[in-house]
Amino acid sequence: MKKLINRPEDVVREELAGIALVHAGRLVVHTDPHWIARADAPVQGKVGIVSGGGSGHEPLHGGFVGRGMLDAACPGEVFTSPTPDQMLAATQAVDGGAGVLHIVKNYTGDVMNFEMAADLARDEGLVVEQVVIDDDVAVKDSLYTAGRRGVGATVLAEKICGAAAEQGRPLAEVAGLCRAVNERSRSMGVALTSCTVPMNGKPTFELGDDEMEVGVGIHGEPGRERRPLTSAHEIVEVLAGAVVDDLPFVSGDRVLAFVNGMGGTPLMELYVVYGELHRFLDQRGVAIARNLVGSYATSLDMAGCSITLLKLDDELTRLWDAPVDTPGLRWGA
Amino acid sequence: MSAMGAGGAADPVGAAAVDAGVAVAWLRAFAAHVAARRDELTELDAAIGDADHGVNMDRGLQAVLGKLPDGAATGASGSTAAEGGRIAAAALGPLFRTVGMTLVSTVGGAAGPLYGTFFLELGRATGERTELNTAEWAAAVTAAVAGVQARGKAEPGDKTMVDALLPAASALRDAAASGASLAEAAEAAASAAERGMRATTPLVACKGRASYLGERSAGHQDPGATSSWMLLETAAAAIAGGHAADVSGGGGSEAAGGTGAE
Chain A
551 MKKLINRPED VVREELAGIA LVHAGRLVVH TDPHWIARAD APVQGKVGIV
601 SGGGSGHEPL HGGFVGRGML DAACPGEVFT SPTPDQMLAA TQAVDGGAGV
651 LHIVKNYTGD VMNFEMAADL ARDEGLVVEQ VVIDDDVAVK DSLYTAGRRG
701 VGATVLAEKI CGAAAEQGRP LAEVAGLCRA VNERSRSMGV ALTSCTVPMN
751 GKPTFELGDD EMEVGVGIHG EPGRERRPLT SAHEIVEVLA GAVVDDLPFV
801 SGDRVLAFVN GMGGTPLMEL YVVYGELHRF LDQRGVAIAR NLVGSYATSL
851 DMAGCSITLL KLDDELTRLW DAPVDTPGLR WGA
Chain B
170 MSAMGAGGAA DPVGAAAVDA GVAVAWLRAF AAHVAARRDE LTELDAAIGD
220 ADHGVNMDRG LQAVLGKLPD GAATGASGST AAEGGRIAAA ALGPLFRTVG
270 MTLVSTVGGA AGPLYGTFFL ELGRATGERT ELNTAEWAAA VTAAVAGVQA
320 RGKAEPGDKT MVDALLPAAS ALRDAAASGA SLAEAAEAAA SAAERGMRAT
370 TPLVACKGRA SYLGERSAGH QDPGATSSWM LLETAAAAIA GGHAADVSGG
420 GGSEAAGGTG AE
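Chains as they are written, first to last, in this note's numbering: chain A, 551 to 883; chain B, 170 to 431.
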């Protein structure tokens with residue numbers, strides 16, 4: 551394992567100390583328990599938005615705290631859910647009197663910890679709604695699994711809900727938009743290499759130099775199949791094909807196309823993937839109305855990418871375009 | 170094991186009632202057992218989960234040790250007789266609630282809320298009581314297991330903690346109904362949990378991260394069911410009054426999931 555760290559057990563704490571220094575004045579980083587809030591929280595009369603999850607996916611979620619996106623984020627240990635005491639503290643702190651939305655990725659631990667936090671918050675008289683994001687088409691959604699995993703659509707939901715909350719819309723409406731983004735989004739990823747969790751010290755899974763894991767999860771979970779590594783052109787055919795067929799996305803649709811890096815892939819390659827995606831969608835009559843290309847929901851040092859498509863309408867497009875001012879996404883501000 | 174004894178936790182034939190002294194001995198034994206088999210639990214989880222169950226449970230239980238009445242984080246049963254008397258007279262509800270909140274805030278993953286809920290519900294069921302007889306203990310454990318099932322939404326056969334916990338609660342109730350001693354009931358519960366744990370091996374996981382593996386999750390013992398067996402085994406040992414950490418025997422050396430996951 552080669553990493554720029556001191557001791558594996560200190561990585562999250564030291565990362566948060568760095569974030570506090572870099573973004574002083576914009577973010578406040580709380581310790582014991584850990585949570586990150588925008589400096590002006592709570593914003594009176596505005597719906598508060600809290601998300602969170604294991605560390606190792608940066609900039610998700612802490613990098614999306616700020617005006618027009620999240621009010622607070624709760625980082626867990628690497629790839630381990632944060633705990634209800636973190637979520638409760640964050641929820642109490644960002645409640646501006648209009649209620650709080652929790653945006654939760656669909657992993658068993660995240661869902662249970664957020665549910666416990668919501669129970670505790672409601673016991674204290676707070677109004678909390680939760681929306682679970684589950685956009686990954688790689689795994690089966692059935693009664694016999696924990697359901698689809700939450701991946702790229704989380705970034706889009708946090709941005710769009712943050713914009714709606716900033717406009718002063720009520721909690722039920724912001725939560726409804728979150729569900730709409732989730733229902734209209736589909737994603738799938740591929741890994742060219744494994745990630746290495748600092749505490750484990752070795753790659754999470756073995757992958758040959760000439761292999762790729764199609765449908766990988768953002769913690770290195772197995773996907774649909776292992777295949778020989780092939781060209782960007784063919785990889786996009788596989789990923790985008792699965793995504794387009796699932797919703798389905800059809801001729802005449804306008805989409806937000808999100809090419810997400812897993813952490814170890816250069817932007818150069820993500821642009822190549824985007825070009826292939828543009829060609830793929832163009833052939834099917836699907837128009838890219840907005841795009842996002844970069845490493846936003848990462849898996850430590852994994853090489854690879856994911857493709858997320860969101861079927862836009864006028865309202866979602868306006869909310870996507872609204873100003874945002876966070877460490878990870880910033881425009882119009 | 171016979172039911173002639175009626176003394177406190179130190180009676181060689183077993184405690185007549187679960188009091189805070191027994192509970193503290195149980196928690197120390199559970200922490201010691203998980204610490205000793207931490208890597209084994211993690212390996213079970215690595216096979217079908219995300220390889221953090223042993224590490225997460227150990228971190229949480231070490232934190233619990235720091236919150237126990239005499240504050241010792243060593244896991245040794247070294248409290249004095251005077252301390253033991255003070256602990257034994259304490260209400261059970263607040264003790265179990267403290268344990269539950271500590272686990273919820275330190276374990277993380279899915280095991281944190283599940284084990285946290287077990288102890289929070291145990292605390293709710295016991296309240297201000299200072300001792301529980303066999304039937305009362307069976308009822309309290311049944312309530313705690315129901316809480317775990319509600320939190321995780323797991324059914325029997327989903328290859329989870331519930332597969333060890335539900336048979337244990339049922340065995341406790343049956344033993345209580347047939348007039349068994351507390352020690353006999355606790356022993357029956359531990360045996361039922363062990364059978365339930367072993368029965369998870371051929372199952373296909375339907376909950377947690379292991380569920381994504383589908384058929385590939387079969388052939389591995391579930392790590393959550395394994396730690397749940399440890400919970401019941403150490404309860405039986407603490408009630409029997411012996412040095413509870415000595416519970417080698419069951420366990421599993423091959424694998425399984427349903428607890429992991431962020």
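One should not assume that every hint holds.
Derived DEER-like restraints, expressed as beta-carbon distance ranges [stated by the list, open to error]:
1. B:Asp208 <-> A:Asp669: 50 to 60 Å
2. A:Phe755 <-> B:Ala387: 11 to 21 Å
3. B:Lys236 <-> A:Lys552: 35 to 45 Å
4. B:Arg298 <-> A:Asp875: 30 to 40 Å
5. B:Arg293 <-> A:Gly647: 23 to 33 Å
The hints are simulated quantities; they were obtained by calculation from the structure and are not laboratory data. The C-beta atom is built at its ideal place from N, Cα and C for all residues, glycine as well.
Which hints, by number, does the structure contradict? Of the numbered hints given earlier, those the structure breaks are 1, 4, listed in rising order.
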